[in-house]
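Below are the chains, spelled out letter by letter.
There are 2 protein chains.
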Amino acid sequence: MRKTPTKLADGRELIYYDEDESIDRSILDTRDLAHVSLTAEIRHDPLLDEWVIIASHRQDRTFLPPSDECPLCPSRPGKPTEVPASGFDVVVFENRFPSLSTDVTTVDDSVITDEALFPRRPGFGRCEVVLFTSDHEGSFAQLPLERARMVVDVWTDRTRDLSEIPGIAEVFVFENCGEAIGVTLSHPHGQIYAYPFVTPRTATMLESARRHRAETGRSLFADVLASEQKAGQRIVQAGRHWTAFVPVAARWPLEVHLYPHRQVPDLPALTDDERADFAALYRDVLQRFDALYEQPVPYIAAWHQAPVKQDRDLAYLHMEVFSVQRAIGKLKYLAGSESGTGVFINDATPEVIARTLREIELPET
Amino acid sequence: MRKTPTKLADGRELIYYDEDESIDRSILDTRDLAHVSLTAEIRHDPLLDEWVIIASHRQDRTFLPPSDECPLCPSRPGKPTEVPASGFDVVVFENRFPSLSTDVTTVDDSVITDEALFPRRPGFGRCEVVLFTSDHEGSFAQLPLERARMVVDVWTDRTRDLSEIPGIAEVFVFENCGEAIGVTLSHPHGQIYAYPFVTPRTATMLESARRHRAETGRSLFADVLASEQKAGQRIVQAGRHWTAFVPVAARWPLEVHLYPHRQVPDLPALTDDERADFAALYRDVLQRFDALYEQPVPYIAAWHQAPVKQDRDLAYLHMEVFSVQRAIGKLKYLAGSESGTGVFINDATPEVIARTLREIELPET
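Listed in order, the protein sequences are those of chains A and B.
The working numbering applies: residue -7 is where the first sequence begins, and numbers increase by one.
The working numbering applies: residue -7 is where the second sequence begins, and numbers increase by one.
Warning: the hint list may mix true and false statements.
A pair counts as met if it fits within one copy or between any two copies, since identical chains are not told apart.
[What the hints assert, rightly or not] Once the Cα atoms are required to be at most 16 Å apart in a straight line, the calculated EDC-like pairs of lysine to aspartate or glutamate come out as:
1. Lys322 with Asp282
2. Lys322 with Glu171
3. Lys(-5) with Asp145
4. Lys301 with Glu138
5. Lys222 with Asp106
6. Lys322 with Asp305
7. Lys222 with Glu286
8. Lys222 with Glu107
9. Lys71 with Asp21
10. Lys(-5) with Glu5
11. Lys301 with Glu156
12. Lys71 with Asp60
13. Lys71 with Asp12
Note that these hints are calculated values from the structure, not bench results.
All chains, full assembly: derive it from the sequences and hints.
What follows is the structure, given as structure tokens:
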């Protein structure tokens, strides 16, 4: 896999990842795009003790364009897109409408008068888009296995690079898929956010793991995995190096966690074999999701990696993939209980969902 | 206001709250409804250290029925509904498809094999529906002021009663409004959940308040309110006893918090004057929401009350009301960043939203 970094017309970085190492990547972005600094800030919520990103300019971002105007397809004569080339394998570039950027200015200084109670900081970080394929149709589940492996390698490479930016505390690799969860562009792609702080869910998981280690001397994540492997009834599928299961206290009607069989902090710490095994298992799980209702389900796939500079031995790389689809034509909404109190109500029984997913017979691909 | 408790055909409790104290409430529910025990359990997520409710039977609940089959309207000859009477003011009854119930059995005992790592308990609690009016059309914002005050009084009464059920730890009064947040019945109504544990958001807020009190000797909530009152720019509207403001670190494109001017733990601790002032201010805020896009916005309104048995002096009753509507035809979704890491991204600047809401001129009602 060859990596070719370049710049878009407005100065944003774009990186080609190519299987064919001989391909010419010297073509330039000819669009007349002005350079724009992000105006965003991160404000602290004193009640929930969490950082919230305020990025007001994003209201204007591209919203479900017709497919012949997809900005994520390769460029064609007279139709320049975000990718100047006429074809590509995997491409990563800085989001044109980011929530965080290394090139950021804060909003008007006068808006917060009480900095002691309401701390704030610039919206520093980085938001990247990862194009899985040049093909506008399809999804990760439908990628050839070789391409799925390549995407995992690209995620790994980006994690490595973004972890080296001074001030980045956590690298979050994820995919939003489907209009039902608000995806504004349907071309198969994922995203990466590099945050300047450890995120709330990561902090909470690490706190639980720290407590468990103090009490038992063991890894909480490893204990969860071992318990699931022993019980068996929530296992969806397993590979040589990874196991996919529905968690005991699943929050979503479809929710599967994928754990590697040994503790590693992040994607770069995996072996090639482990990455290859993950790609196959993950694609298998997504294919089961799509087979469940005989139509693609909207989903969010979220990598949980260790913070860049702390708790590297306490964290345990894993992926959580979940869907709001609770039946054909029915979605799970986060309403009062979830959004008001944080109490999730799941209408699906994890053991039943796991068995249903496990028993699906997938065609060979 | 007269209170008349009765029972529905399947044994669920229904309570009439009437302005007219002479009205006859002896009519019985004639439907052939079998008594059903809830099968639900609450499972502990060891990673996020939170309880999740697993209530699988709810998949079959009534979903957007045509308005002439609304189960929340008064009964008519040949069309019995959840309310046996031919008319009513405010009615409260136990949810037919609850997530929690005092009459509950757990799911199959064999599903969890590792109780030490995965504690679970019955789905004990109570879920109530609060009908604001017998009129199928409309919303809380459109209630006459007197009725809005009566609903606040009913919320207060229910909080008092539910707090007395042994095993209840927190009473959560809320409203989900609008199809966009998954409301399955459009008749104006709210809900009340009585949880057997202190909910995650309440626990987190109390932790922050405890830390702030240890550091400063003061109430965190009172300090936030005072700071907002001093700054002024995020104030939407104020009454004699309450102030409504957009929080500094708002998570939602429309989000307003309503704080009373003195610390009280819950609704029953308010004076009559304070309750009346709240009703007027809250209705005003909801009318501003609806005026913003010249159409009703979907919203979630969430009362934050003190736990029933702890931290009564540390908590501070307030309401948070928020909407996913970020522009006409555009909704905010909780995607990867929010659902994966817990980091909210708000495309709206709180000061701008507050000014916009503040400057709306409402017609006299």
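Hint-by-hint comparison with the structure:
no.	hint	result
1	Lys322 with Asp282	within (15 Å within a copy, 27 Å between copies)
2	Lys322 with Glu171	both (14 Å within a copy, 12 Å between copies)
3	Lys(-5) with Asp145	within (11 Å within a copy, 66 Å between copies)
4	Lys301 with Glu138	neither (32 Å within a copy, 58 Å between copies)
5	Lys222 with Asp106	between (53 Å within a copy, 10 Å between copies)
6	Lys322 with Asp305	neither (41 Å within a copy, 42 Å between copies)
7	Lys222 with Glu286	neither (31 Å within a copy, 57 Å between copies)
8	Lys222 with Glu107	between (51 Å within a copy, 13 Å between copies)
9	Lys71 with Asp21	within (11 Å within a copy, 66 Å between copies)
10	Lys(-5) with Glu5	within (13 Å within a copy, 67 Å between copies)
11	Lys301 with Glu156	within (10 Å within a copy, 48 Å between copies)
12	Lys71 with Asp60	within (9 Å within a copy, 52 Å between copies)
13	Lys71 with Asp12	neither (25 Å within a copy, 70 Å between copies)
Hints 4, 6, 7, 13, counting from the list given before, are not met by this structure.
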